[in-house]
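Novice: Spelled out, the chains give:
Protein chains: 2
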Amino acid sequence: MSKKTLKIIPLGGLGEVGKNMTAYEYGDNILVVDSGIMFPENDMLGIDYIIPDFDYLVKRKDIIRGIVITHGHEDHTGAIRHVLEEIDAPIYATPLTRGLLEVKLSKGGLLSKADLRTVQAGDTVQIGPFKVEFFHVCHSIPDSVGLGITTPVGLIVHTADYKFDPTPVDGWPTDFAKLAEFSSRGVLALLADSTNADKAGWTPSERVIGPAFDKAFSEAPSRILVASFASLISRMQQVADTAARYGRKMAFAGMSMTENAKMAAKLGYLKIPDGVQVSLDQALQMNPKKVVLMCTGSQGEPTSILGRLSAGTNRRFGIKENDTIILSSHTIPGNEETIYRTINSLFRRGANVLYDPLVPVHVSGHASQDEMRLMIHLVKPKFFIPIHGELRHLKQHAIIAKESGIPQENIAVIENGQIIEFEADSMRLGERIPGGYVFVDGARVGDVGPSVVREREELARDGFVLVSLNLDNNGRLRDDPEIITRGFVYKHEAQELIEATSQHIIETIDNLDGDIHNSMVKAVRSFLYKETKRRPMVFVTLNWS
Amino acid sequence: MSKKTLKIIPLGGLGEVGKNMTAYEYGDNILVVDSGIMFPENDMLGIDYIIPDFDYLVKRKDIIRGIVITHGHEDHTGAIRHVLEEIDAPIYATPLTRGLLEVKLSKGGLLSKADLRTVQAGDTVQIGPFKVEFFHVCHSIPDSVGLGITTPVGLIVHTADYKFDPTPVDGWPTDFAKLAEFSSRGVLALLADSTNADKAGWTPSERVIGPAFDKAFSEAPSRILVASFASLISRMQQVADTAARYGRKMAFAGMSMTENAKMAAKLGYLKIPDGVQVSLDQALQMNPKKVVLMCTGSQGEPTSILGRLSAGTNRRFGIKENDTIILSSHTIPGNEETIYRTINSLFRRGANVLYDPLVPVHVSGHASQDEMRLMIHLVKPKFFIPIHGELRHLKQHAIIAKESGIPQENIAVIENGQIIEFEADSMRLGERIPGGYVFVDGARVGDVGPSVVREREELARDGFVLVSLNLDNNGRLRDDPEIITRGFVYKHEAQELIEATSQHIIETIDNLDGDIHNSMVKAVRSFLYKETKRRPMVFVTLNWS
Chain A
2 MSKKTLKIIP
12 LGGLGEVGKN
22 MTAYEYGDNI
32 LVVDSGIMFP
42 ENDMLGIDYI
52 IPDFDYLVKR
62 KDIIRGIVIT
72 HGHEDHTGAI
82 RHVLEEIDAP
92 IYATPLTRGL
102 LEVKLSKGGL
112 LSKADLRTVQ
122 AGDTVQIGPF
132 KVEFFHVCHS
142 IPDSVGLGIT
152 TPVGLIVHTA
162 DYKFDPTPVD
172 GWPTDFAKLA
182 EFSSRGVLAL
192 LADSTNADKA
202 GWTPSERVIG
212 PAFDKAFSEA
222 PSRILVASFA
232 SLISRMQQVA
242 DTAARYGRKM
252 AFAGMSMTEN
262 AKMAAKLGYL
272 KIPDGVQVSL
282 DQALQMNPKK
292 VVLMCTGSQG
302 EPTSILGRLS
312 AGTNRRFGIK
322 ENDTIILSSH
332 TIPGNEETIY
342 RTINSLFRRG
352 ANVLYDPLVP
362 VHVSGHASQD
372 EMRLMIHLVK
382 PKFFIPIHGE
392 LRHLKQHAII
402 AKESGIPQEN
412 IAVIENGQII
422 EFEADSMRLG
432 ERIPGGYVFV
442 DGARVGDVGP
452 SVVREREELA
462 RDGFVLVSLN
472 LDNNGRLRDD
482 PEIITRGFVY
492 KHEAQELIEA
502 TSQHIIETID
512 NLDGDIHNSM
522 VKAVRSFLYK
532 ETKRRPMVFV
542 TLNWS
Chain B
2 MSKKTLKIIP
12 LGGLGEVGKN
22 MTAYEYGDNI
32 LVVDSGIMFP
42 ENDMLGIDYI
52 IPDFDYLVKR
62 KDIIRGIVIT
72 HGHEDHTGAI
82 RHVLEEIDAP
92 IYATPLTRGL
102 LEVKLSKGGL
112 LSKADLRTVQ
122 AGDTVQIGPF
132 KVEFFHVCHS
142 IPDSVGLGIT
152 TPVGLIVHTA
162 DYKFDPTPVD
172 GWPTDFAKLA
182 EFSSRGVLAL
192 LADSTNADKA
202 GWTPSERVIG
212 PAFDKAFSEA
222 PSRILVASFA
232 SLISRMQQVA
242 DTAARYGRKM
252 AFAGMSMTEN
262 AKMAAKLGYL
272 KIPDGVQVSL
282 DQALQMNPKK
292 VVLMCTGSQG
302 EPTSILGRLS
312 AGTNRRFGIK
322 ENDTIILSSH
332 TIPGNEETIY
342 RTINSLFRRG
352 ANVLYDPLVP
362 VHVSGHASQD
372 EMRLMIHLVK
382 PKFFIPIHGE
392 LRHLKQHAII
402 AKESGIPQEN
412 IAVIENGQII
422 EFEADSMRLG
432 ERIPGGYVFV
442 DGARVGDVGP
452 SVVREREELA
462 RDGFVLVSLN
472 LDNNGRLRDD
482 PEIITRGFVY
492 KHEAQELIEA
502 TSQHIIETID
512 NLDGDIHNSM
522 VKAVRSFLYK
532 ETKRRPMVFV
542 TLNWS
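Those protein sequences? They're chains A and B, same order as listed.
In our numbering, each residue's number is its place in the first sequence (first place is 1) plus 1.
In our numbering, each residue's number is its place in the second sequence (first place is 1) plus 1.
Here chain A stands alone, though its shape is the one from the complex (with noise of 0.2 angstroms):
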């Protein structure tokens, strides 16, 4: 391979592809773009989380030259604690990802070893041979950058997450004059957002949201709680405004929030009207016509606060009747039916709750096609690479790419892993990587596999049956055979059951061949198999005295 080949590879197994990790390698330099984690799917059983596998950026750890973070959200932030662990090397982030990093890593008590640097949307840094232009974004976070990446083969434009809100909350559109500016110098390849290419037209501005708001703090008979995602500031700043507009107190509830709402109104991100916001305590005091609470969950978590609120288990405060619930959020794809379960449960307690699609009270932060075919039309980049998205929302990207004047041939529709190798004027599909994701579970990176899922996925499927049984020396039973099972049946209900498989056991066992073992836990397989037609993992343990 060239030298004067730049690398572009995406990191991190099955998720979507290049959106928790991107790395761009030119000879002896990396540049990492975000360190993001995945939530895990509802069939990968007890993972708490998903990092993407950066084997190959620890293997290459001293030509790591920094490490972009474009937003403050967890799945371009949550695995910073574990990349620094691995590696050291200079973070640079805008004001607000950088309290958001700084939130998370006094955490972990990682704060002072993290080399944290301070950019603003405009500037341009050299990092390695690699000249980045941060570029301000519109998207569901405030102080969102995407990148501009001169290399020297040319100019590769980053998006991350975007979308060009027309009217946004916090007056500050995405930057449509840098953009403009990259097409003029030239540009090389886009790697852009693909989140939404499935929906059609324009998402609609953050702003939308405000009548539905207004609507709703106009019609509450009594408190309202706002749930939304602890790091939607501008979400903060909207409750903010119309509770001062409505003669109402506002309070958050729950550490994460009310951290990075200290957070971001000391680094003016939030602007909370005077006298406005008022401590949980407080609110908790006052008649309820007059406050509003802000809280997470709005993804039905059982540990958050509404989650805890819906089971009627959260300590400090309860529903009470003709509360009014705003879900401000989308939901993350496999958490609909713990949402809806959750809107139940707090309709049950007497709550009124609004929510998508009942109610505009979410919007998305991600461009739809029409503004991906602007994107393009504005960057007029000569190859193309659909990033964000699985590979059905890249597959779409790719076609509307198409229609937007890319030619197919300088498409590239690629998965984690994947490396592609860009020259001057050309791009080719590299070595493609082993890569992956790494689970964690508790304390411990990496100990729970593939493997030990689809345990757990068995285990879980019809659970397991455990027979002990002593025998003297001549292999005969000394006592009756003892049987735990879990997960398997109700105990009171499947007795007879468990009489029937210890009856079975102790005809079969003086006619049972060779290995003695194997073939109790074969008998005790099939047995249980034709009376119930499930297959629960079978343990023997043999005692010999």
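Hints in this document: simulated from the structure, not taken from any laboratory.
Where hints are given, some of them may not hold.
Because identical chains share one entry, a pair is satisfied inside a single copy or across any pair of copies.
Under the rule of at most 30 angstroms between Cα atoms (straight-line distance), these lysine-lysine pairs were calculated in the DSSO-like manner [unchecked claim]:
(1) K534 with K114
(2) K108 with K5
(3) K492 with K523
(4) K200 with K216
(5) K105 with K531
(6) K250 with K290
Put chain B on the given structure of chain A with help from the hints.
Specialist: The following block gives chain B in isolation, referenced to the frame of chain A:
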């Protein structure tokens, strides 16, 4: 309680209210409406399906005068086998619904036991004291009916699943005239489908799918596969008609779809143009440009044909480059992840996949808000009970009813198990029966309850650890501990942890007080938690000699 009371009893626990089974009771007479199943939620681990707890009916089996099935979908028919094992009563159904019941019952060998009676939309049948008028409704399966039930206390209208499709594919609209006629007689109560109570406007006609199919057929470069539900007869008709227009032959793949198509054709509900249908074997031999296959698997079920195609494990044929796959059915909530994973895998195999919301290849079979208003205005009931929905849908439907002129105090939002009592001019809440639902797992019904599912959850979260100790008479270890784990850690990565656990056992065993078994379980549990921050189930077996 007076003999002049009509009781309405929605059965089935936390599922959609009155969806799977509702009973009407007057004096010594019960009429049952529908006998369906629920699909397990993602955290109901290992459960095949769920049936309503109909113990209330079993206890009163001698007064059950009849069972009416409103249409042929699983959530209205799927429990019929379990009901027939306990209850002997005639079953009333329209021809197609009866045909689907026959296919189902003949598999279980129960067909000869069932007293099936055919009714037509427009028929009136006296069932005990209930005069039941069957009226046609549009839904996503032909031959669906709603019920006008004239009881001794008044006329009840039970819509079952419905929509007001103005241009249905089979040319048979919902029976507006009958609904208006009911209202001219005076309707005591309306029980109406709430599924889409959070959708504004009017559900599109089944016919709008036509143009999307036309576009897909005209653009498909090679073979077409349409995946849908086995019972979606109208979709089969649309595919057959489109195939004829574009000169393609059509074949069904998979037993349930093939059987249903055959039965529907025999009864005249499916009219495949002459010469269009071929066998699957013939289709697989033909020019792929001249073929469309229909199969099941639109929910991504791993054992369905589409699921196997996506995994590359279908025996008779596989996905070919440039196949066009149309997913033409709605997403059952909770299946999102599985469906999207299937779509991604199909793209990975070179197919082009068309699915909602990318292309309008499916419409809902349920009324939206404006149709709900129309239903209420047509029927003009005195009392209103929203059914067929989760609590959040019922609450919304209640708001719609109130806006449509039903006084708040005449609207009852109830959950399954809550009996409603009517007299000639009044409605009140009656007894709340225990009810609930029953899990079906493998061949057995009811021996897997919530406690077993909680054990499966626990096993799924962190797996288990089994420690087997051989002790001498003094309680000293004769050998090293034997440790088996499943679903806990990956053996090769965790050898060290297992050895440390073993060492910890050896070091602690001599210092354990009291019950050595319990103390050892506690010691292992806390050691593993300290090391991993996980809580696997821990079992210890002690073998004395």
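Novice: Work down the list of hints and note, for each, if the structure agrees.
Specialist: How the hints compare with the structure:
no.	hint	in the structure
1	K534 with K114	between (56 angstroms within a copy, 24 angstroms between copies)
2	K108 with K5	neither (42 angstroms within a copy, 67 angstroms between copies)
3	K492 with K523	both (22 angstroms within a copy, 23 angstroms between copies)
4	K200 with K216	both (27 angstroms within a copy, 19 angstroms between copies)
5	K105 with K531	between (53 angstroms within a copy, 23 angstroms between copies)
6	K250 with K290	within (10 angstroms within a copy, 66 angstroms between copies)
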